[in-house]
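Fit chains B and C with the ligands to the known structure of chain A by using the hints.
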Amino acid sequence: MSHTKLYAAIYVVLFAFATIQAVVEYAGFLEQSYWLAFWAIIVLSVIKAVIVAAYYQHLRWEPRAVSYLVVGGVVAAVALTAAASFSIT
Amino acid sequence: MLGVHTVSSFILAWFPVAHAGDVRAPADVFNEIFTVFLVLGTAVGVVVVGYTLYNAYKYRDGAGDGVDADVERPQMGEIPTGGGGGKKLFLSLTISAIIVVGLILWTYVSLLYIETGPSSQQAQQQALDNAGIASASESDAAAQAQANQSGELNPITIDVIGHQFSWQFVYPNGHTTTGELRVPQNRLIELNVTSADVFHNIGSPELRFKADAVPGQETDAWFVAKQTGTYQANCYELCGSGHSYMTADIRVVTQNGYDQWYDRTNETAGNETGGNATEAGGNESASIESARVTAGSGPAAAQQVITP
Amino acid sequence: MSELPPKSSIKRWFLTTNHKDIGVLYLITALFFLIFGGLLALLFRIELLSPAADFLGETGYNQAVSAHGLLMVFWFISPFAFGFANYVVPLQIGADDLAFPRLNALSYWFYLFSGLLFGVSFFQGQTFSGGWTMYAPLNTPTYLPGEALGATTVVLALIMFVTAVTLGSVNFLTTMYRMRAEGLRMRDLPLFSISINLTVWMMLFAFAALLAALMILTSDHILGTHYFSYQIDGAGITQGANNPGASLLWAHLFWFFGHPEVYIVFFPALGIMAECFQTFTGRRIVGRKWFIIAMVLVALQSFIVWMHHMFLTGINLQIKTIFMATTIGISLPFDLMVFSLIYTMIKGRIRFTTPFLFSLGALIVFILGGITGVFLGAVVLDYQFRGTYWVVAHFHYVMVGGATALFGGLYYWYPKITGKMYDEFLGKVHFGVFMLGFNLLYFPMFLAWETPRRVFDYGGLSTTIDLSALELGVYVIPYEVWHNMSTIGAAILGASFLIMFYNLFVSYWHGEEVGDNPWAYATSAEWAVSSPPPLENFHDTPSYASGRLEFLDDEEVAARSSGSSGGGLAGHGATATDGGTSTDGGTSTDGGKPGSATAASSGVQSGGGALARAGPETALGTGTPGEHGHDGHADHASLWPFIVGIAGFVLFLGLSGIRTGGTFYTSLTVVGAVGVFGSFVGMAQEPFHAPEPLLAERWPYGGVEKMKLGMWTFLASDIVLFGAFIGSYVFVRVAYGWEEWHHLIPEAHVTMPGLINTYLLLTSSFAVVLAMVAAEKESRKGVLLSLGATFALGVGFLINKAMEWDHLFNLHGSEAFPHGWDLTTNLASSTFYLTTGLHGAHVAIGLIMVAYMFLRAWNGAYMGDEKPIEYFGLYWHLVDIVWLFLFPLFYIL
Ligand code: HEM
Ligand SMILES: [Cu+2]
Ligand SMILES: [Cu+2]
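Chains as they are written, first to last, in the working numbering: chain A, 1 to 89; chain B, 1001 to 1308; chain C, 2001 to 2893.
If we strip away everything but chain A, and leave its shape as in the complex, we get:
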């Protein structure tokens, strides 16, 4: 299978996204509007993570149940973080 090209393309995208994240900082967007830049950066990370999981870890081609397993872990961790942080606001 000629997945190699796809893998390479994905690599380029990941590389670019990481660069953008750093650029956001160097360009001073964080100083201008912190929370907007914050969420932009986080969203970029999430996209990258999903791409790696879907293609490099080929979750796309696995039974859904494997993805649910992973999502389960993520949801647990996010629930802990979000609820705990919210509880002290």
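Because the hints were derived from the structure by calculation, they are not lab data.
We treat Cβ as the ideally placed atom computed from N, Cα and C, and that holds for glycine.
Some hints could be false.
As the list claims (entries may be wrong) - Far from chain C by the CB rule (all over 12 Å, computed), these chain B residues:
no., residue
1, Tyr1059
2, Leu1089
3, Asn1154
4, Asp1259
To be verified - Footprint (simulated), chain C over chain B, 3 or more residues, beta carbon under 8 Å:
no., stretch
5, 1077 to 1084
6, 1099 to 1110
7, 1172 to 1178
8, 1213 to 1224
9, 1251 to 1258
Relative to chain A, chains B and C with the ligands alone:
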């Protein structure tokens, strides 16, 4: 009697501002809810356990009713399936759900009351009432003077700091005591609780307030003591070797007695803290500041509460 | 691989990897810890006879209470349940062992040695004395008496224990999803197996959070980070050099684990109760389907109730309301289960054997525990109960209630395990004395509920009984009375076990021999084989395809496993939604189970639900992948797990005292580390054959070969581990003030090293993918090149990190941080080094694996067999993904 009381307090909690009666102290709230739970809980427990034992006996092998019952028994190697009786199951579930959810919703109203504290009007009313009572028994003039000075009718806010292994109390004027909290009868007492070292928890079985004392954080609690006397406060979170001994006395005195005592502390406090917080009921943050200086636990203990 | 000696030989018990042997080892070890924890309890109950510190003394008391709680919760109750799980689950699902037998042995040895490590802590000055909940900051050396070496040891012992649990969870999940007998859908499993399945799911996630908490705590102990101390004497900055979130961070992490833990403890007991009720009433469980759904709901919900342990910590009203609601919500499925068990008795032929008595007793006791739990769910009441004996009484009623059912399980399966029947009369006597002791011990605690927890000086408290209305006077009963009753109850409860031990011991030698199935109406497969079962459980292959248990000979298995390919005879839902389509584990074939007559009556028949299943598939296994694919019989013996266990013990013991800098502890650490490394290599080198069954039910993981599924389940727990680390960082930063945080970070901490490392890791991930592709294409050069590149990039990552850290450690001339910015400087530095350090450790471990694989590839491995590379890749990519979040969180934001 219980019923009437329940209903009235229910309304009170719903319309806290409109009601002008006594402040419902946390102890009252607890005792009432606990009683209801105990009665219902015992009833449910007796019924369910009784029914369980009854069935166990009734369907015992041999003499039991199950012997000739025309039912299919589980067989070796079968793929497990359920026995019937789903309807009964859901009926029981529904009943228990109604009881449990109903009870909890009912207590939630009281929770809101405990969380927000009695409204300031109520507290004022309470204080006025006291002043009235006091005026009957004691010197009229003094009581009148008190009632007029509305500043004195506000709740008293006291900072509580847990230490291994003692409780420190800081009054609005900065006066600090250890191991003894002195408060006037029938006044709303608000506590701001924190700790200078580890996790503690202060509570009083009679007055029914309780709050965690978390280092670096402030929690609050309030109570109203309706009878004079000495009550005990305990530490409810394991905090080290002296945990068992980490108690404090809460001395509830009359308003007059309290005032006299408090006036004297005013002077001392002024001396102790270099005149920082001499006004009674003065600026709260100033008193917290000075309190922590007197607590002598260094700058870190004086940190502010979490600010998002 | 070695031969397995007979059971009479001591050697066998060090070598065995057989699930039944391991199950027995778990049971015996857990009973040992029951005695250990129980004796501690008797000690402090004696202390509580009078309200003064006149027996153990203050610190002795705290140590006894803390060690008792930890030992009972961690080292007794769950492992005891997992003794049964080990023994019974493979039999019930028709498997011949667990999926990874050596890993199972390793779990056991880690468990045993972690317990021994706990024992050692008593001799290092003092053991941990901060309560089983280990609240911060009392759990840090600053506030622990003495040098606190014993406390560190306890924390490390817990880490070792959690490792055992995590390995076990991975193992059980893989087994239950890959090795079920043909025709046995998940929902068709006996209730005990279902309860274990859900328990293991909860363990996988909950213990990962605990592991995070413990690792952070260890770091606070050994490395001097500041997660759990609120006061930090950071050099240079005085303002805000503190950690307002410290105590609550621990509470969140602990209870996020802690609440699921109480169900982890209780579920196996529930499963045993269900089995015993069905068998001894001779009635099928009423509303079995709903029973299962209720358990699933509880398992899910258990992760969103944790703050009911924190109602007084100052969390906001909204969150209190939410957690009050979820807490009450979770009690309802329990109601259903209780009613289901009660109704099961109707029209039964109840035989009051010892196992049934214990199950019935457990049910009744649990009802009381549950009712008192509802009291606690009412927040206003909880405010007052918090920290009192009400809580102590409540959770002993539920937890020891659970243990009650487990003892029922011991009697239930004793004949299966030993082949002998216990003495029924003595069993009943045990039950009677047990129940008497139990209630005498715990019920008075409700009456003396105002006693503050973990306090020995309860003087002055009393219960007033006012009978003046009946003209009977007013009675004031001092709390001593209740506490003395409790202590007497404790003695009786303890004594009841002498009867049990005597009974089981004597019966082992003189008991009546039993056949396959001593219990009428037992249905599950463990009763269809001899007692004790043969080494490989079933002589022929069990199958439920016909709607009931039957055994297929090899020919039939071969015919079915090849003949069903193509899914031609699938009666419904021809192709499974899952499975079959995988590019990698493409050995699965969809096959229809001929006619599922029982389906309609037994299970949820819906699409999309968690329990639903679109179509049964039978997968054709190809044996273990790769390395040791030799034919022939499965292996059952290996000494390596034991050696790894011992080495781990030595390593952790060394670590416990490493901060003293003494040669003793340092050399232990070195020896232990070398030993762990060496024995893992030895284990990897050892050929060990554990075949996957030819014919098996594998929903919903058909097509996910067992190594892969094992890897994914492990990664899921790793996600929670990292998630909890990141969550801890977010939490303390929010508590501190998100943006003020920037003051804690030196100017010199710039984005560039992080960016470079991001590039390096991304590239290395790409290289691993290329290695996999090359292996597929059987290009040895390609594999070597790509793996080599991965290795080089990973090393580059670590070097870059080392340089960066070195620079930050020694910030000479920095105004704000004249002493540099190291782990102990402030909260930002602590979180930065620890979180990225954990990630760095993952990279380092990955590199060791890459090096190993490189050597094997050099010798020609992986050609046309890319699976090992793929599985390693899953790990490596996860490490990459984690970095994708660490980079912005620690370098940009
Ligand atoms: C009917 C369902 C239940 C409810 C509503 C409930 C509720 C609660 C609540 C609110 C607390 C916190 C008390 C406090 O510290 O203020 C608590 C404590 C506890 N519960 Fe439950 N519970 C239930 C069932 C269970 C079960 C099934 C178990 C275990 C088998 C259990 C074990 C515990 C333990 C161990 C603690 C105390 C932990 C500690 O502080 O050391 N509970 N329960
Ligand atoms: Cu304490
Ligand atoms: Cu809980």
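Results for each hint:
{"no.": "1", "hint": "Tyr1059", "in the structure": "4 Å, violated"}
{"no.": "2", "hint": "Leu1089", "in the structure": "4 Å, violated"}
{"no.": "3", "hint": "Asn1154", "in the structure": "23 Å, holds"}
{"no.": "4", "hint": "Asp1259", "in the structure": "30 Å, holds"}
{"no.": "5", "hint": "1077 to 1084", "in the structure": "holds (count 8)"}
{"no.": "6", "hint": "1099 to 1110", "in the structure": "holds (count 7)"}
{"no.": "7", "hint": "1172 to 1178", "in the structure": "violated (count 0)"}
{"no.": "8", "hint": "1213 to 1224", "in the structure": "holds (count 7)"}
{"no.": "9", "hint": "1251 to 1258", "in the structure": "violated (count 0)"}
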